[in-house]
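Asker: Hey, can you work out the whole structure from these sequences and the hints?
Here the protein sequences line up with chains A and B, keeping their order.
Take the first sequence: its letters are residues 1 to 89, numbered as in the numbering used here.
Take the second sequence: its letters are residues 1 to 89, numbered as in the numbering used here.
Calculated directly from the structure, the hints in this document are not laboratory data.
Just so you know, these numbers come straight off a predicted model, no measurement behind them.
This list has only true hints and no planted wrong ones.
Any copy, or any two copies together, can satisfy a pair, since identical chains are not distinguished.
Computed list of lysine-lysine pairs in BS3-like fashion (alpha-carbon distance at most 25 Å, straight line): (1) Lys66 <-> Lys12; (2) Lys36 <-> Lys67; (3) Lys36 <-> Lys20; (4) Lys20 <-> Lys50; (5) Lys20 <-> Lys66; (6) Lys36 <-> Lys12; (7) Lys50 <-> Lys12; (8) Lys36 <-> Lys66; (9) Lys20 <-> Lys67; (10) Lys36 <-> Lys50; (11) Lys67 <-> Lys12.
Number of protein chains: 2
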Amino acid sequence: MGQGRSLGLPVKVTVFVSPKSTVLDPQGAAVEHAMKSLGHASARGVRVGKTITFEIDGEDGPDTRKKLDELCDGLLSNPIIEDFRYEID
Amino acid sequence: MGQGRSLGLPVKVTVFVSPKSTVLDPQGAAVEHAMKSLGHASARGVRVGKTITFEIDGEDGPDTRKKLDELCDGLLSNPIIEDFRYEID
Chain A
1 MGQGRSLGLP VKVTVFVSPK STVLDPQGAA VEHAMKSLGH ASARGVRVGK
51 TITFEIDGED GPDTRKKLDE LCDGLLSNPI IEDFRYEID
Chain B
1 MGQGRSLGLP VKVTVFVSPK STVLDPQGAA VEHAMKSLGH ASARGVRVGK
51 TITFEIDGED GPDTRKKLDE LCDGLLSNPI IEDFRYEID
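Answerer: Given below as structure tokens:
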């Protein structure tokens with residue numbers, strides 16, 4: 001409001017969520033086992049995360065980033081066991 | 001072999017797997033519904049994908065990329081309904 005009305009332009013957001021490095025990642029362990037079984041013996045440190053891409057009205061600024069922080073922290077990740085970061089295009 | 005022995009240096013690989021744009025993404029639809037419920041009415045086009053990060057011995061070259069293509073195509077993604085790309089650090 002203090003900056004006038006939003007232009008209503010959509011921004012494209014990609015959120016990357018990954019298990020914290022201190023947390024066991026059973027899905028990653030399963031993939032690592034499968035990779036080794038398939039002959040990729042040197043594969044290690046496999047971690048599986050997720051990405052969420054979407055569009056939202058706004059512009060890259062403090063207001064949008066505040067909203068995105070809330071979204072990531074409350075809905076898109078579990079802050080106890082996951083880290084997140086996002087990119088805005 | 002033709003290029004001599006591998007140096008055995010690890011490369012760090014990140015694979016991004018996402019549902020093809022023509023394929024329904026029920027997980028993305030659920031997240032979109034939740035985002036709208038939380039007051040982010042303008043959120044749209046939500047798609048959920050996954051990332052797999054790991055280390056593997058080799059160097060960024062045709063041999064490693066051939067191996068990674070096979071891995072992504074056969075194990076890490078379902079090529080019928082998903083696209084993949086990867087980055088090598």
